[in-house]
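Chains as they are written, first to last, in our numbering: chain A, 479 to 809; chain B, 2 to 361; chain C, 82 to 390.
It is possible that part of the hints are untrue.
Away from chain B, derived, C-beta distances all over 12 Å, residues of chain A [said to hold, decoys possible]:
1. A499
2. T502
3. G512
4. G557
5. M600
6. G624
7. P626
8. T753
9. A766
10. D780
11. P793
12. V796
Under 7 Å between C-beta atoms, here's a sample of chain B residues computed to sit facing chain C [unchecked claim]:
13. L87
14. M116
15. N120
16. R128
17. I141
18. F171
Partial selection, computed: residues in chain A whose CB lies under 10 Å from chain B [what the hints assert, rightly or not]:
19. L653
20. P722
21. P756
Don't read these hints as lab results, they were simulated from the structure.
Beta carbons: idealized from backbone N, C-alpha and C, even for Gly.
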Amino acid sequence: MTPSAQIGVAPLLDVRDLRVAFRTPDGVLEAVSGLSFSVARGQVLGIVGESGSGKSVATQTMVGLTRGARITGEALFEGQNLLAMSPDQLQAVRGRGIAMVFQNPLSSLHPLYRIGWQIVEMIQAHEPVTKAQARARAIELLGLVGIPHPARRVDDYPHQFSGGMLQRAMIAMALALNPRLLVADEPTTALDVTVQAQIIRLLGRVQQEFGTAIILITHDLGVIAEMADEVIVMYAGRAMEVAPPRALFHEPSHPYTRGLLHAIPRADLAGGRLTPIPGQPPSLIARAPGCPFQPRCAESVDRCAHDTPPLDVLPGAVHHLSSCWLTAGNA
Amino acid sequence: MLAHRGERLSSAHHSARPGEPLVSLERVVKEFPVKRGGLFSRSREKVHAVSDVSLEIRRGETLALVGETGCGKSTLAGCVMRLHDLTSGKIVFDGTDITAASHAELQPFRRRMQMVFQNPYGSLNPRRRVGSIIGDPFDIHGLARGAERVTRVHKLMALVGLNPEHYNRFPGDFSGGQRQRIGIARAIALHPDLIVCDEPVSALDVSIRAQILNLLDDLQRELGLTYLFISHDLSVVRHVSNRVAVMYLGRVVEVAPVDDLYEHPRHPYTRALLSAIPVPDPDREAAREHVVLSGDPPSPLDPPSGCRFHPRCPRAEAVCASEAPRLARAPGDAAEHLTACHFPLADHELLATTTVGQRA
Amino acid sequence: MNSATNTMVRSRGPWALAFARLRHDRAALAAGVTLVGVLLLAVLAPVIARLVGHGPGDQFLDVGLSSSGIPIGPNRTFLLGTDSLGRDLLVRIAYGTRVSLLVGVLASALAVLVGTLVGIVAGWYGGLVDRALSRLMDVVLSLPFLVFALALVAVVGPSLTISVTVIAFFTWASVGRVVRAQALSIRELEYVQAARTLGASHARIMFIEILPNVTASVIVYTTLLIPGAIAGEATLSFLGLSVVPPTPSWGNMLADAMAYYRVAWWFVFFPGAALLITTVAFNVLGDSVRDALDPRRETASRGSPEDAA
Numbered sequence: 479m480t481p482s483a484q485i486g487v488a489p490l491l492d493v494r495d496l497r498v499a500f501r502t503p504d505g506v507l508e509a510v511s512g513l514s515f516s517v518a519r520g521q522v523l524g525i526v527g528e529s530g531s532g533k534s535v536a537t538q539t540m541v542g543l544t545r546g547a548r549i550t551g552e553a554l555f556e557g558q559n560l561l562a563m564s565p566d567q568l569q570a571v572r573g574r575g576i577a578m579v580f581q582n583p584l585s586s587l588h589p590l591y592r593i594g595w596q597i598v599e600m601i602q603a604h605e606p607v608t609k610a611q612a613r614a615r616a617i618e619l620l621g622l623v624g625i626p627h628p629a630r631r632v633d634d635y636p637h638q639f640s641g642g643m644l645q646r647a648m649i650a651m652a653l654a655l656n657p658r659l660l661v662a663d664e665p666t667t668a669l670d671v672t673v674q675a676q677i678i679r680l681l682g683r684v685q686q687e688f689g690t691a692i693i694l695i696t697h698d699l700g701v702i703a704e705m706a707d708e709v710i711v712m713y714a715g716r717a718m719e720v721a722p723p724r725a726l727f728h729e730p731s732h733p734y735t736r737g738l739l740h741a742i743p744r745a746d747l748a749g750g751r752l753t754p755i756p757g758q759p760p761s762l763i764a765r766a767p768g769c770p771f772q773p774r775c776a777e778s779v780d781r782c783a784h785d786t787p788p789l790d791v792l793p794g795a796v797h798h799l800s801s802c803w804l805t806a807g808n809a
Numbered sequence: 002m003l004a005h006r007g008e009r010l011s012s013a014h015h016s017a018r019p020g021e022p023l024v025s026l027e028r029v030v031k032e033f034p035v036k037r038g039g040l041f042s043r044s045r046e047k048v049h050a051v052s053d054v055s056l057e058i059r060r061g062e063t064l065a066l067v068g069e070t071g072c073g074k075s076t077l078a079g080c081v082m083r084l085h086d087l088t089s090g091k092i093v094f095d096g097t098d099i100t101a102a103s104h105a106e107l108q109p110f111r112r113r114m115q116m117v118f119q120n121p122y123g124s125l126n127p128r129r130r131v132g133s134i135i136g137d138p139f140d141i142h143g144l145a146r147g148a149e150r151v152t153r154v155h156k157l158m159a160l161v162g163l164n165p166e167h168y169n170r171f172p173g174d175f176s177g178g179q180r181q182r183i184g185i186a187r188a189i190a191l192h193p194d195l196i197v198c199d200e201p202v203s204a205l206d207v208s209i210r211a212q213i214l215n216l217l218d219d220l221q222r223e224l225g226l227t228y229l230f231i232s233h234d235l236s237v238v239r240h241v242s243n244r245v246a247v248m249y250l251g252r253v254v255e256v257a258p259v260d261d262l263y264e265h266p267r268h269p270y271t272r273a274l275l276s277a278i279p280v281p282d283p284d285r286e287a288a289r290e291h292v293v294l295s296g297d298p299p300s301p302l303d304p305p306s307g308c309r310f311h312p313r314c315p316r317a318e319a320v321c322a323s324e325a326p327r328l329a330r331a332p333g334d335a336a337e338h339l340t341a342c343h344f345p346l347a348d349h350e351l352l353a354t355t356t357v358g359q360r361a
Numbered sequence: 082m083n084s085a086t087n088t089m090v091r092s093r094g095p096w097a098l099a100f101a102r103l104r105h106d107r108a109a110l111a112a113g114v115t116l117v118g119v120l121l122l123a124v125l126a127p128v129i130a131r132l133v134g135h136g137p138g139d140q141f142l143d144v145g146l147s148s149s150g151i152p153i154g155p156n157r158t159f160l161l162g163t164d165s166l167g168r169d170l171l172v173r174i175a176y177g178t179r180v181s182l183l184v185g186v187l188a189s190a191l192a193v194l195v196g197t198l199v200g201i202v203a204g205w206y207g208g209l210v211d212r213a214l215s216r217l218m219d220v221v222l223s224l225p226f227l228v229f230a231l232a233l234v235a236v237v238g239p240s241l242t243i244s245v246t247v248i249a250f251f252t253w254a255s256v257g258r259v260v261r262a263q264a265l266s267i268r269e270l271e272y273v274q275a276a277r278t279l280g281a282s283h284a285r286i287m288f289i290e291i292l293p294n295v296t297a298s299v300i301v302y303t304t305l306l307i308p309g310a311i312a313g314e315a316t317l318s319f320l321g322l323s324v325v326p327p328t329p330s331w332g333n334m335l336a337d338a339m340a341y342y343r344v345a346w347w348f349v350f351f352p353g354a355a356l357l358i359t360t361v362a363f364n365v366l367g368d369s370v371r372d373a374l375d376p377r378r379e380t381a382s383r384g385s386p387e388d389a390a
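Work the whole structure out from these sequences, hints included.
Spelled out as structure tokens, the structure:
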């Protein structure tokens, strides 16, 4: 059952039952086990999860960045399955169709080449334009993302930019070919909070001015609340809950979501003792049957340890899904 | 009072009572010279990491030090722990001036102040066993040997929620949260008076953070600890601190009891910082003020004159560029609430004409 | 508080992990077996001599040389042939193995000991100490090996001890540099800061915190130094600067063989092959040891959930 914010319109990206497994000396590690979601044009989808949730692996696998893994399922981008594409076909999709922005801009950009050169090179790899045209576009993009004096800074090296500026440059590079979908994997985690605010604002502008759909991956629920149209909460490689932000934060259904909301400190509420989620995330190797959250769940019943609950619509809701036996009606 | 080198620094001299200052920082300055050029040229440049900071850490409290990259909070913590020598200023620990103390003179004080580090993966030696790591303080200060040390380590492990049977494991076998517990066990081994927590939960998963924060809370009560809590995460800070000091580019710009700071921020930077924190509630998020500062924080190599925040401050005026404001009580505030600003904000004053709410 | 007491993914320490990796490396196994063979050859040299009935210094001028006085090739009596004085090549090579291994291992061990010590001290203290020691290492590294060896031997006279000393002297500095670089980076790590805040003394930090983390690369370096030391010894004895004849060593055997290579190929081939096989085996083993100890591999095979995010 895949949610779609606009019923009746084919989604831009439709992922169905994605599974990604790695072979390790200790056994098979299932990083993603049965993930389905879709993104409509111009929509912002937020994927929230902690380490081990599989959120990064899922999106990286979609664009073919995961090597040495066993991948099953489908990832239909504008109707075509990314997972079945050859490297050449994927290369054509990357940059133009889907662009990615990563957490640490310093490691995503080549330190020895000028920023402008890197952008120009990417543009020219995909489009038949002259160097001068590409350079003009690069300068335009740098200005668009809020870098002051873009004509001067286009010839700077990455180490001459601050963290925030570098992340803007990354976004500029990602936007160079007008992608329909931008995947931002923890784009603000490494940045100071005031700079984070700037970047989030920038992403919002990108969505509004260019109609770019965005998949925003983060562990920060506050960032999600600001930006997302729809949120997926992932845990141990599966989606636990899917809902628009208001429903997710005000009426969280899944025990994991509720646990998270109680466990995170908030700057806008007076302090007090937090309620942690006991235990730790499970091992992804040799997974136990049943719901992955069961060992830490205070509300689990017998069935939770044996059968994995499907992601189902909550009774009475249209866009709110949860993967939990307690609400599936079949406890 | 000058520290007399020959005099033995006694650590059992005074003992501050709850509420009294345990650590006093007076006009602390720490600058790092920057070496540039080849063998013969020497650059005059300095990193002004900490510039004229005066603070008190009172016994039994949790004082938070917040700020962004380059504000000097980690350096200040290093000064408190006497990992660095001060460029100028004074540090007094429980009545004794330890500013100029030598390595040997500091030993008794090392037992009384400890640190919990940010990086659970870097703060433990990967080639040593966990029991040995936790037992280090006993070894270094010659307080327990052999079987007795093992017993004490077992007790510490249980106290922080670790299984004492894992005494002989290596750090690589533990998760991030568990490693932080190991680090905490090491820090409390000698029952110190003060623990400096340097971003203790920033590198941990969200669902684990609450566990560690609760642990720190429990330990504070059980062992009568005083915390200096350093963090850039203002949400965490609100939950753990009694008082908060906000730093910007080497200076303290505001210090207040925690609720006062969050509800009545006076300094424009504090206001901007608080408004930048994303709130996990879409309705409140849409309704509050968002101050988005322009540009990046300037470098501590070449800080601006006067009030260091003035280039980015929406309310800056001529005096801000020429005269550095001192920490003082703004009108209407409690005696404890100090702000270093020529034009502190009143409660309902909006900082800038930036949009209320972010997106349509 | 039982929230964190239970789950543990793996319980193998870093050394056990490395060893396990090594065991699965075919090249390492082959090299290891070869080296065991070489070691046995050295240890059992007197046994071999007794078995064939020829001592290493026994000259068989009648049966060991041809009618024209040229060494004879491999046959039933002399399994690998003879040398210019009719001595059994197999036995001499076996005894020569002792010299090579002894010098190779001893010199390397000495170099590593001194180099590690100097490297850690230089890396930890920094400042003036570091600068002084680094300059010292630079000077040592720029001295010409052979010229120095020749000069020394001219003064003191050739011997095994000189061999070991000279080779150790010329190699400790490269170890020192590598260790110093590592110590410099380890110094900045948080667990070293932690040791400082606990009040640990300099000595304690250097030997309990830094040394164990340097050991891995030191081990790798050692296995790669040994073949160099063996080759160095061969060079020295080729020039007559090492053990004194009639004590056999691969180097001095090769020196003698130079004049006879056209008529007695075995005289050059077998000592040369022994030298080559031994050095290659050490090199291969060293490569495998480095791969096994590579810290990046450690994280990958641990496969904890945090790494798969």
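### Task
Compute the least Cβ-Cβ separation between G624 (chain A) and chain B, then decide whether it is above 12 Å.
Since the minimum Cβ distance to chain B is about 9 Å, G624 (chain A) lies within 12 Å and the statement is violated.
### Outside-interface status for G557 (chain A) - nearest CB in chain B farther than 12 Å
Holds, because the least Cβ-Cβ distance between G557 (chain A) and chain B comes to about 29 Å, which exceeds 12 Å.
#### Entry: Verdict on G512 (chain A) as a residue remote from chain B, using beta-carbon distances over 12 Å
holds, 22 Å
#### Entry: Outside-interface status for A499 (chain A) - nearest CB in chain B farther than 12 Å
holds, 22 Å
### Query
For the hint on L87 (chain B), does the least C-beta distance to chain C fall short of 7 Å?
violated, 16 Å
### Query
Was M600 (chain A) rightly flagged as not at the interface, with every chain B Cβ beyond 12 Å?
holds, 25 Å
### Task
Classify the hint on L653 (chain A) as holds or violated, based on whether any CB of chain B lies nearer than 10 Å to its CB.
violated, 18 Å
### Task
Please verify that hint: P756 (chain A), Cβ, nearest Cβ of chain B, below 10 Å or not.
holds, 8 Å
### Query
Under the criterion of a CB-CB separation shorter than 7 Å, is N120 (chain B) in contact with chain C as hinted?
holds, 5 Å
### Distal placement of P626 (chain A) relative to chain B, Cβ over 12 Å
violated, 8 Å
### Query
Regarding the hint that R128 (chain B) lies at the interface with chain C, is the smallest CB-CB distance below 7 Å?
holds, 4 Å
### Query
Can the hint on M116 (chain B) be confirmed by a CB-to-CB distance to chain C that is less than 7 Å?
Hint holds; M116 (chain B) Cβ to chain C Cβ min 5 Å, cut 7 Å.
In summary, the structure is inconsistent with hints 6, 7, 8, 13, 19 from the numbered list given earlier, while agreeing with the others.
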